[in-house]
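Could you slot chain B onto chain A? The hints should help.
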Amino acid sequence: MPGWPRSCACSYEFAATQPQAETVQLWRHKEQTTKNAMAETIELAKKREAERRLALLALAGEQPEPSGSCLDPEELAALIEGRLAPEQVEPCLAHFAGCEHCYALWLQLNREWQEQAGRSGRNRLRRLISRPRFLAAAGSLLAAAASIAVFLNITTQVDRQALTRLPKQPVQEQVLSGPVTESSDKTIAKQGSAPPPPAAAKHPSEQSRMKEQAAVSAPPLTEGSKKIAPTRTDRNESGALDAAVPAQPTGLAAKQERRVAQIPAEIGESVPANAGMMAEKKEQEATSLPEKSAATPKAAPQAALRATGTPAPLPAPVVEAAPLTLADWHNRIRVGCQGQPGPDFFATLTTQGKQLLRQSAALHKEEQRQIERLLAALGNQQSAGQQCRALLEILGPAAQGPKQ
Amino acid sequence: MNSWREQTLTHWEMINRLAGRRFHQVELAEEAALFVMDGLAQDDWSRLRAFTGRSTLATYIGALTLRLLEDFARARFGRIKPPLWVRRLGGIWLTLFHLLCLERFSPDEAIALVGDRHPGQAKAAEEAAYRLLGEIASCGEHRGEQTELIEETIPADPVEECSAQEHRLEQEERHHLFTILGRIFFDDAASEADPRLLERIATAGFSLEPKERLLLKLCYRDGVAVAEAGRMLGWNRYQVHGRLRRLLERLRQDLANAGLAEELRLLL
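So the protein lines, in turn, are chains A and B. Take the first sequence: its letter number 223 is residue 223 in this note's numbering, and every next letter is one higher. Take the second sequence: its letter number 184 is residue 184 in this note's numbering, and every next letter is one higher.
Next comes chain A alone, as it looks inside the complex (with noise of 0.2 Å):
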């Protein structure tokens, strides 16, 4: 640059070779480092050449005679595909290394063999079954798999006691919003304008204690469980009357959940009409064994007096299998004698009555008596509400009211 200053000149140097200068030294990194993969390559090439002809040299210097007869060809068939045993092997090989016409004839049936197994299917999918690297990434989908099926598992195995905890709610939205009874015409009558039943206010806390316990004792819920959990706790937390406005569930969940309110239906109008705790645990019991509810008819009554305090209706009256108590028989009489008994009802009570002297080892002298003046009121024809009177008579003051 003849022309130019000379200051101008050095600078213009100096800003161009400072990048040069690093790309040249990148440059000769890389060309160092290509010559050394290179250097490398040549190195293996020529010590695997140095192997071969070093085997060649060894196979050179001797031709062993072929040991025994050629091989038929059913038996380099059978060799092929690996159907000989291994004594029948050794000498098979042993024959292909001094002759190199079966040794030709191995090589190329060998050849031919791998191909067909390579054209059919199966022996495609076997071979990729085989490699290693199929096999590290089945493995991996299986590990995979079974994870999903187990977490799925006992996520479902969570939605399954969530469901069977669902009848409570139906329940009560069933028995509120259904036909009701005489008798709990009755008794709401008689309430009033009475406050709501503790049972029933504490309903969402109990609820929550429930809630805290599953979730304690179950893991994370799901989406799957989560859709339904929501629903469940805007029923609980919006009370009695907001339940009588169910949500609607949906798919499975909703199934089994509808299935699961039906059966409460089914059993009768036996199931208390309260939604409390402990009532709503003899709900579950009831529902889930109907059998037995049927069976032994006083513990949703009592359950219903426990929660509510007030009579639920009675069922319809069943001879019991179970042994009755005389404090169960005299609730009996109470409670049936709160509303208008019929004629089986006090049937049913000398029956039990009866049964009860039967087993007087039990019971006291005076219970004894006590409960022959009872047979003895039931059995004189009046109508019901004498009855009901002469029965309450004997019973005592007590019988007034609710006997805990």
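To be clear, the hints were calculated from the coordinates, so they are not data collected in a lab. Everything hinted at is true.
With a cut-off of at most 27 Å between alpha-carbon atoms, the simulated DSS-like pairs for lysine-lysine come out as follows:
{"hint": "1", "chain 1": "B", "residue 1": "K123", "chain 2": "A", "residue 2": "K46"}
{"hint": "2", "chain 1": "A", "residue 1": "K47", "chain 2": "B", "residue 2": "K211"}
{"hint": "3", "chain 1": "B", "residue 1": "K211", "chain 2": "A", "residue 2": "K46"}
{"hint": "4", "chain 1": "A", "residue 1": "K30", "chain 2": "A", "residue 2": "K46"}
{"hint": "5", "chain 1": "A", "residue 1": "K30", "chain 2": "A", "residue 2": "K47"}
{"hint": "6", "chain 1": "A", "residue 1": "K47", "chain 2": "B", "residue 2": "K123"}
Ranges between beta-carbon positions, derived for each pair:
{"hint": "7", "chain 1": "B", "residue 1": "R245", "chain 2": "A", "residue 2": "E22", "range": "41 to 47 Å"}
{"hint": "8", "chain 1": "B", "residue 1": "E172", "chain 2": "A", "residue 2": "A37", "range": "46 to 52 Å"}
{"hint": "9", "chain 1": "A", "residue 1": "N36", "chain 2": "B", "residue 2": "V26", "range": "50 to 56 Å"}
{"hint": "10", "chain 1": "B", "residue 1": "G259", "chain 2": "A", "residue 2": "V24", "range": "49 to 55 Å"}
{"hint": "11", "chain 1": "B", "residue 1": "E209", "chain 2": "A", "residue 2": "Q25", "range": "52 to 58 Å"}
{"hint": "12", "chain 1": "A", "residue 1": "L152", "chain 2": "B", "residue 2": "G223", "range": "49 to 55 Å"}
{"hint": "13", "chain 1": "A", "residue 1": "R48", "chain 2": "B", "residue 2": "E172", "range": "32 to 38 Å"}
{"hint": "14", "chain 1": "A", "residue 1": "M38", "chain 2": "B", "residue 2": "H24", "range": "37 to 43 Å"}
Covered by chain B, according to a simulated footprint, are these stretches of chain A (three or more residues, beta-carbon under 8 Å):
{"hint": "15", "stretch": "53-64"}
{"hint": "16", "stretch": "69-82"}
{"hint": "17", "stretch": "94-101"}
We treat Cβ as the ideally placed atom computed from N, Cα and C, and that holds for glycine.
For chain B alone, coordinates are given in the frame of chain A:
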């Protein structure tokens, strides 16, 4: 009988394929395939009736076909015994010798055929073909003749009670063998490769087991992958690599024990 015929016809494609691979020319391959069918049908399918079920029928028919194709080649082109050095080299050398000198294929055809039979050996086949043509001046002169000429002129393998003349011929043949081997193996250092030295190396007391010999043949002569060679010999891929490494180490050790370590280092 009909069933054997039908079963053979189901493998007609394979027979045709093997014939085409053996003889590149279409007419020749078709003729050979028909020869194979005739051979199989001979004596009321006696070859197939001899099948006892030790292998699959397809592989058995494949083995029969390969043998019958060789029979066809012999019937068509005659027999010839290759020179000792070709026999010693074996593999593609032997195949090329038959293709070039007996069946008189052109070098290109012969190279293509060898490439078909031994995949991955095309370049080696090309070198070997021209080397063969250079070393054997009379290659391809006796096509279609039932000749015993070369077989007679080349002495048979050493017999214990051979005459002195035969022994001398044998020595000459061995010398010739190692001269050619020197040219083939050490092309770049041919002037330094003394045939006697090579003979000393080759006869340095290598004692190869049949399986070891086959392993060397498969891996270094016929270009078979080491893992595949191991499978053919009944070893897994780890066993075969280990055995090959130990075998080569043992060969080097044998040469060192014979006092040829320095020569080996210079040559190899």
